[in-house]
Structures are given as C-alpha cells and as structure tokens.
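> Chains A and B supply the protein sequences, listed in that same order.
The letter at position 83 of the first sequence is residue 83 when you use this note's numbering, and the numbering goes up by one with no holes.
The letter at position 159 of the second sequence is residue 378 when you use this note's numbering, and the numbering goes up by one with no holes.
Be aware that a few hints might be false.
[Unchecked claim] To give an idea of the interface, some chain A residues facing chain B are shown, with a C-beta separation under 7 Å as derived from the structure:
{"#": "1", "residue": "33"}
{"#": "2", "residue": "36"}
{"#": "3", "residue": "38"}
{"#": "4", "residue": "60"}
{"#": "5", "residue": "109"}
{"#": "6", "residue": "219"}
[Stated by the list, open to error] From the derived model, a few chain A residues whose C-beta atoms are all more than 10 Å from chain B:
{"#": "7", "residue": "6"}
{"#": "8", "residue": "27"}
{"#": "9", "residue": "63"}
{"#": "10", "residue": "86"}
{"#": "11", "residue": "100"}
{"#": "12", "residue": "104"}
{"#": "13", "residue": "105"}
{"#": "14", "residue": "112"}
{"#": "15", "residue": "117"}
{"#": "16", "residue": "121"}
Honestly, the hints are just simulated from the structure, not real lab data.
Computed from a predicted structure; not experimentally measured.
Glycine included, every Cβ here is placed at the ideal spot set by N, Cα and C.
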Amino acid sequence: MTETELLMWVRGPLLQAALSIFLLGVVVRLLEVALLGRKPDYAEARGSAVGGGIRTLITRFFPDPGTWQRSTFTVVAGYLFHIGFFIALFLFAPHILIFRDALGIRWPALPTPMVDAATLVTLITLLALLLHQLYDKVRRFLSRFQDYLVWLLTMLPLLTGYLAFHRIGLPPTTLIIMHILSVELLLVVFPFTHLMHAFTLFMARYYNGAIAGYRGVNS
Amino acid sequence: MSAALELGINAFKEQIDGPVVAFFSSCVRCGLCSQACLFYTETGDPERTPIHKLEPMRRVWQQEYTFWGRLGKALGLSRPVSDAELAEWEPLVYDSCTLCGRCSMVCPVGNDIAYMLRKMREGMAAAGHAPEGLVGATKRAVTLGSPMGVKLPALQTQIRHVEQDLGFKIPVDVAGADYMLLLSSMEIMNFPEFIRAVARIFKHAGVSWTIASEAFEATNSGVQIGVSDIAAELVERIVAAAARLKVKYVISPECGHAYMAIRWEGPNLIGRPYDFKVLHIMELLDQLREAGRLRTTGREVRSLTYHDPCQVARRGGVVQQPRNLLKMIANDFVEMPETGTMNWCCGAGGGVSSNERADGLRLQVFKRKKQQLEAIRPDALVTACSNCRIYLEEGLDEYGMELPVLSLTETLAEHLVDKG
Numbered sequence: 001m002t003e004t005e006l007l008m009w010v011r012g013p014l015l016q017a018a019l020s021i022f023l024l025g026v027v028v029r030l031l032e033v034a035l036l037g038r039k040p041d042y043a044e045a046r047g048s049a050v051g052g053g054i055r056t057l058i059t060r061f062f063p064d065p066g067t068w069q070r071s072t073f074t075v076v077a078g079y080l081f082h083i084g085f086f087i088a089l090f091l092f093a094p095h096i097l098i099f100r101d102a103l104g105i106r107w108p109a110l111p112t113p114m115v116d117a118a119t120l121v122t123l124i125t126l127l128a129l130l131l132h133q134l135y136d137k138v139r140r141f142l143s144r145f146q147d148y149l150v151w152l153l154t155m156l157p158l159l160t161g162y163l164a165f166h167r168i169g170l171p172p173t174t175l176i177i178m179h180i181l182s183v184e185l186l187l188v189v190f191p192f193t194h195l196m197h198a199f200t201l202f203m204a205r206y207y208n209g210a211i212a213g214y215r216g217v218n219s
Numbered sequence: 220m221s222a223a224l225e226l227g228i229n230a231f232k233e234q235i236d237g238p239v240v241a242f243f244s245s246c247v248r249c250g251l252c253s254q255a256c257l258f259y260t261e262t263g264d265p266e267r268t269p270i271h272k273l274e275p276m277r278r279v280w281q282q283e284y285t286f287w288g289r290l291g292k293a294l295g296l297s298r299p300v301s302d303a304e305l306a307e308w309e310p311l312v313y314d315s316c317t318l319c320g321r322c323s324m325v326c327p328v329g330n331d332i333a334y335m336l337r338k339m340r341e342g343m344a345a346a347g348h349a350p351e352g353l354v355g356a357t358k359r360a361v362t363l364g365s366p367m368g369v370k371l372p373a374l375q376t377q378i379r380h381v382e383q384d385l386g387f388k389i390p391v392d393v394a395g396a397d398y399m400l401l402l403s404s405m406e407i408m409n410f411p412e413f414i415r416a417v418a419r420i421f422k423h424a425g426v427s428w429t430i431a432s433e434a435f436e437a438t439n440s441g442v443q444i445g446v447s448d449i450a451a452e453l454v455e456r457i458v459a460a461a462a463r464l465k466v467k468y469v470i471s472p473e474c475g476h477a478y479m480a481i482r483w484e485g486p487n488l489i490g491r492p493y494d495f496k497v498l499h500i501m502e503l504l505d506q507l508r509e510a511g512r513l514r515t516t517g518r519e520v521r522s523l524t525y526h527d528p529c530q531v532a533r534r535g536g537v538v539q540q541p542r543n544l545l546k547m548i549a550n551d552f553v554e555m556p557e558t559g560t561m562n563w564c565c566g567a568g569g570g571v572s573s574n575e576r577a578d579g580l581r582l583q584v585f586k587r588k589k590q591q592l593e594a595i596r597p598d599a600l601v602t603a604c605s606n607c608r609i610y611l612e613e614g615l616d617e618y619g620m621e622l623p624v625l626s627l628t629e630t631l632a633e634h635l636v637d638k639g
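Next comes chain B alone, as it looks inside the complex:
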C-alpha cells in the first residue's frame, strides 16, 4: 500500500462515527436517493446515485467495523480499497456532488448522505485524489488568503471605487465595531455592488460594522476539498481578526459554503466555541427588518422568485428570513415547485465551480434548475449566494433563457428610503 493510500484509508477510518455506522448499516439500496440528486436525474447515470458515491468508504467501514468484514479480512478474503478505485471515484465524489444534501432529505431510512460525502472527501484528499482545480484554490487560499488569488490591494481598490460612488467611508479595521463583515472573492471581483449595497443598508440602519484587512475572505476551500487542517487554519484567521477587533458578530456574506464553513463547521474545525456569534447577511437583515430599522420604498412589480442556496437553507437553516425580506419589496413573489429546504441546487456548489473538469457536467445538470424556473416563468430570480448567482447566470445563458439574477441584499438596497 502506498503511503498516500494509507493516509487516505486512515482518514476514512477516522471519519467513521456513530452516525456513519448507523447510516451504512441502514441502507437497503432502494435507490430513492438517485431521484433526489440532479447529477442523476439529468444524466441518468446510475453511478451518480448518491449512496454509490460513498462506496469506497462504505467498504472501509464494512472491512474494519463489521463482524463479517473483519473475519473476511483476517482470512484474506476481502479485496482492500485500492488507489485505482479511489481514482475512479474522484469524479463521483467531487465533480458529481455539490454537497447540496437533497438526498439526505429523502432517504427513507434517514441516511444523511451529504454528511458522509463531506467526510469522505477527507480521505480522498489525504490519498491525493482531489481535483486539480480545488487543490489550486486551496493552495491560493492558504498562501494568498483567497481561493481566487484576490489579495488585499484588490479589495482596497474596490473599496475606493465604492467610497467614491457613495461619498462616505467603508469602515476597515475599526476596533470595537459590533459586526465584522466577511466577503467572498467572487463578490470582491465580480459583484462589488454587494459591498456598496451592504454599506448603504448598514448606514441606513445605523449598524456599527467593519471589514478586517487581515481576514476578509469568507470562503473556505479547506472545507470543500476536505482537508480539515487547512480549513481550521482559515477559520483561525477569522477568529483572530474578530478577537483583535473585539467584534460581537461575524457576518457571512451572500455565499452558501462560506456560511456553512464559518457558522456550522468552524467551531468544530478549531475544536472550541467562538467568543462571537455568526450570522448570515440574510439573518442580520431580517433582524433589522424586525426591529423596524429597515425602511423601504416602492415595490417590485415584476414577479420575483427566490433560489435557496443549499448551504444557507437546507444545510444552514436560513429559510424564512429571505422570504420576509422579499415580501417587503415584492408585489408578486412566487415560489418554485420544490423550494426552501427541498430546493434543487444550481449545480455549482461544494467546490464544483472551482473544478474546471466538471464544467460540462455542471451545465448539463443545470437543466434541473431550468425546468424548475420554466414551471413558474418569473421576471427575475433572486438569491443570496454569489456563487449560485454567477453560475445561475451562466446556466441561463447556456440555455438561452433571459432572466435577470439578482442579489437579495442589492435588491433591498435599491428600495431603501434615503435618510438624506
């Protein structure tokens, strides 16, 4: 056994906990999860059945944790998991899964398949079977501070543009602020309007906030690729900045996986609770709305629908807040069929968008979203994840659908009553 393979197998073993054993023990191979996964429904390829993507890790469990498996292993009857097998599974584990967790909602025996897939990536990465695109993004996140290689000067330039436009300063490294805002590289490079919108809303609502120059990146490639050590290091940078600036809250921007990484995985990656609270921008905006600190004017007459980012809604628990906010400004808010925690993924989450090899497949499975949208034919599609947003735009473009994709934060900012 090669050293890398041994690392991988050991990582699988380390990842196997009570839930994983309960899940593997319960699977009766009914195949219902296939119909919950857009990578199966849009390709018809049975290999992409969610539970099958876990096969090598299941075999490790079977050989190491069950009576027959251990007996078989002791007698030399079992075929150990090989390097070739892991190589074969790499496109299933990374290209064909966005960790969207829809399968986990339908499994009749209750298997949380996405929970296991996230764990499986730890073993895959340790064995050296993670896609090149994600390896590159992770390296850039560690060395440069951003998976897209966006460094502080780039952010400063964008901030200067926004400041010139707005006529007031964007708070950077302000100690004692209440809220520390994180941003995704995607927002800094492609959607600087988001920074502008947040700045306007926070000024309007009188929110004391800051950006930290030493920890502004919200995304965590370590989580997506499945390397907990790196993921923990990226979380520690944010924790250190939050401590230095003495903030009470850290705000995850419009990014699903960033929210998952900092809100739910972060404390477990570093092995201790935070001294601050984490909110998704949708949660904070909804709190401001509830407190009467958001005053809007005018209403959207076009029909709007909302795309729930998987890690924000199904895996993150922020479902109602964006709807409350949309109802402030929309006359005609329509839900897609299968929405909220049962929404279909855009196809680009979980590191798929960083993995160029998966580009074709990603566009192929976008047909699922297309069907969902065609069922209601809205005038605009609103979401709260910049990664979803850019790949929704790309998918719509690919299929010749003309539908504007909007950020909820930005749309809300357009309706703010200017205090003058």
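For reference, chain A alone in the conformation it holds in the complex:
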C-alpha cells in the first residue's frame, strides 16, 4: 500500500468506522440518562423546574466570584483550552470544508494565522493543565489513568495538526495520516470516557438547575 492509498483508507473507511462508533456510543450513553429519568416530585413547586434548568444551562458558563478567586488558574486555563480547541476544530478553513461535505452546511472561517495562534496557545495551555494536574494536590489526588489518557488523546490531534500545517519533522502526508488517526482515536474513545461531558454536561446542568428551580433557587 502506498502512502497515498493509506491516506485514502484512513480518511475513508477508517474515519467512517470511527464516526460510527462515536455516534452510536454517544447515543447509547445519552439514552442511558434519558431512559432512567427521574421519579415524579410530589412536593408542591415554588418555582419552575424547566425555567431553572434552562437558566443553569447558561449561568454555569460563568463561575461565581468565589470560585473565580480561589481557582483562577483552573478557570482561566479551562476556558482558554476549550475555546482554543473549538477554534481549531470548527473555524479552520480546511475543517469547514470537511464539515460542508459531510453535513451540507458551511460557516465562515477564521483567518488561518489566527487559528494557528489559537492552536499554539491551546497546546501551551494543555501543557500547563497537565503540570497543574501533576502538581496540584487535589487534581493529582483525583486523577486516574483515564484522566491522563484523555489528556493525551485530546492533545494529539492539536499537536499533529499543528505539525502538519507547519510541515515540521515528517513528510506532510505522513503527518496528515497521523493527524487523522489521532482524531479517530479520540472519536472512538470519546463515548467510553468522561469526554462524554461535552454532551452530558448539558443534561447535568439542566437537572441541577431544575432541582433548584423547583424550589425557587437559582443555582
């Protein structure tokens, strides 16, 4: 198999397989939550569960002043990493073309130098987050194998993408193959790890807000 054939296979059938596992896995995980559901609440409501749920969905994007003050690094690095990751994934022109081909919709891209800078910032932030995970006593204590694995699998697509774009180290085709493979790895592992939070956090926030909102509390 030539390198070009390998590339075609990696971005063709292999990507299809990875996407299938990802989609099926995510749907199953979301159904697990939805099917279990909640028992009815017989206490008389003071406020709206639905209103509270929707409220908390939004308000949890913004940390309370105490958390902001006491955990500044985690909050800032968390935001930087997530925003950078989304920029690299969704606002890079070549990625938008892939989404257009797959979904039939397109959206404007950010200028490539900006995506490039954002990717670099994200990689540095990820490194800082790893050091924090290793040296902060709470995070080190809470972290298990899965947490380090997820860090690695999240970092690899960014790193290989950055290297491929700048043609550093290896031939471009090899780097592109590695980039796509790293994405596929992330997709396959996604439904079975806490990467799932990207979807379930909306359910978690909704439930949190609904439980509080029912009692007239803004959580």
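Given the coordinates of chain A, assemble chain B onto it according to the supplied hints.
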C-alpha cells in the same frame, strides 16, 4: 459478599437515576468543588473533595451502568466495592459533609453533588456504615418521637413555663386551627424562648395555630442518616396529625434540615402529595409582614448580619424573606461576603452535630465562618435555624469571639408593638 454489603450495593443501585448518571458521566475531575467545601478549605485534605466522597457509589454506577464497566465485570476484571471500602468512606460521607450543597452551586458541568451524597447515605446506612451517633438519634426518633429523646411531658413543662410567663394559653391539639407548628428538640430543650416568641407574634397577628401533642418534632433523623423508610414514617406522623387537626398549613420552625425533610423530601418519601401546605416560619412571618399584620417598634442600632441556614436558603429557597423581616427592625444590616445561596455552612448540619466523632472536625472547619464574620465584624449574628445557632455559639466560643447569636423570630418578637 455479606448480607449487609449486598443491601448497601442494592441501595446504591436503586438510588441511581437519570441525574446521577448525567452527573457521574460529566465529572472531569477538575477539582473546583474542593474550593467550595469548608471541609476541604479548612483541612487541605484532598480526600475531602466533595466528588471524591461519592467514589464507592460512582464505582457501582461505573460497574453496573456503563459499557466498559459491565464488560470488565463480566470478564472478572473489576474490583467490586467492598465492605472495608465503605467503612473507610463513612467519615467522608457523614463527618465531612453537611449536605450544605455549596459544591452543587459551583460545579462547572453542573453536578448536584449534595443530591448524590444524600442518595449515597441510603446505601451507607443499609450496609451498616452510618455513625453511631446518628444511629442512636434515629432510634430515639422512632421509639421516643425525638432524636434527643425529648418526650411530650418535657414539652408540656416548657409550655407551662411559657404560659406562666406570657399569661395566656399556648394552643395544643386545637382542631380546625389554620397552622400547625412543629418544633425541633433543640428548641424545646435549649431555646424555649422560641415558643414564647412565636406565641406572642401569632397572638399579635391574630394567627389561628396549634401544636400537635402527637407530632411536634420537626427534625427527621431518617433523612440525615439516609434511611428512607424511617424518614417516611416520621413524615407520616406529621401528616396524620395534620389530618386529625384539619390544619391548612404545617409550619417548620427555625431548623434547616427539618424544613428540607417536611417541605421538599416529605411528600416524596411517602409517595403522595400533602393535603396541606408547608411553610418555614420565615415564610409565614414574611407573609404576615406583607399583609401588614406585623407592627414593630424601635430599631436595632447594633449592626446585624444574617447567617443563611443551608437547607433554608440554598437548598430550600427561602432567601429574601428573612432579609425583609430584618430590614423592618435593623438600622444597620450588613451582608457577609458570599451570602444567600452562596453562604458558608456552620459546619454542623446534615447530621454532623449528632455525630460526636465529628466534633473536633466540626470546630476545625468553623474557621471558615470565623473568617466570613471577621470580614464585616458585626455586633450580632442573626439566623433562622436552632441547630446552626447552637453550633455557631459553640464555634464562636471556641475561637474566643464574643458575638451574640440571635434567632430572627425571637429578635422580631422583641420589637412587637404590644396591643395591650
């Protein structure tokens, strides 16, 4: 697997619902909840990070409800939750958590950690890993009617004293009254002034009320320890008394967990809605204020601050009412930093105060409250929970701070215009 452990694991499984799965699935172990918990901030012990307190229940979820977990279990690769592990977690689940719910307010993915901790206690208690102090309190609640062992004659004695003092009768077992007042044992034994204050305010405002001799205890140890059957039985006693006396409302006294138990958990414990409404005393007093039925005179010149009991405010939704009432009588009302639904717990809720083993830890974590108070240095601290009140007093005493701790109801009663 021992029979008790099996009961515990089954209780965990029963407790796992949609929200719990959404919460466990979402945790990325960022550790932000540690900074929201006074048991972590005042000890610096990472084991006391709120989400970690749930680890055994999380493992049950992981092994029973996830693909990898079930696969691992089928292949015999997973380590099942053991009795030793639950024993190890007991001090984290009971001594190091007041169910205050502050962690639930800060989790960035939205996990309601206190909701899960409350559920986890069901499994812990079923497996026989609840603290002795709470087991004792729960037994007394079932057999004697009060966690502190306060029986009807003790209440009657206190009522007689109050009646002699006031010169009018305290209504007991009056059928057809509008409101049925519950009391906590703490109030009956340590703060009978509360009964006196409520009686004066209700007379002043013309409230038709009664105490039920068969169901006067407001607290519910079954909720704190995590035994729903017992908790339900204690609720049923109140429901039966309310039906017998045909009251329209049941009033929770100045007690946070009592309010949580009767207002929010009660109907779900017994599996049906009530025929009456439940109000916290702060809600009723604020309604009376709004209706112009409370007339006060004179104002407090000393600076007052208000400690929000967790189960009344953050978990219960009664935040504004006590402030409205305080503003009637206070010239100088100051808020602590991080107040209302973000207030810091006194450290004694959720059964911690019934658990002697946790006494030292409770005083250690009180430093959080101390810092909060030192930021504003008020002349007096007002609250609406007698459990908070007694342990605030103890904590202040421990750290040599001279600060009177007042009941809002009692303070309000001192300012009533006597109709003569």
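> Does the structure break any of the earlier hints, and which numbers would those be?
5 and 9
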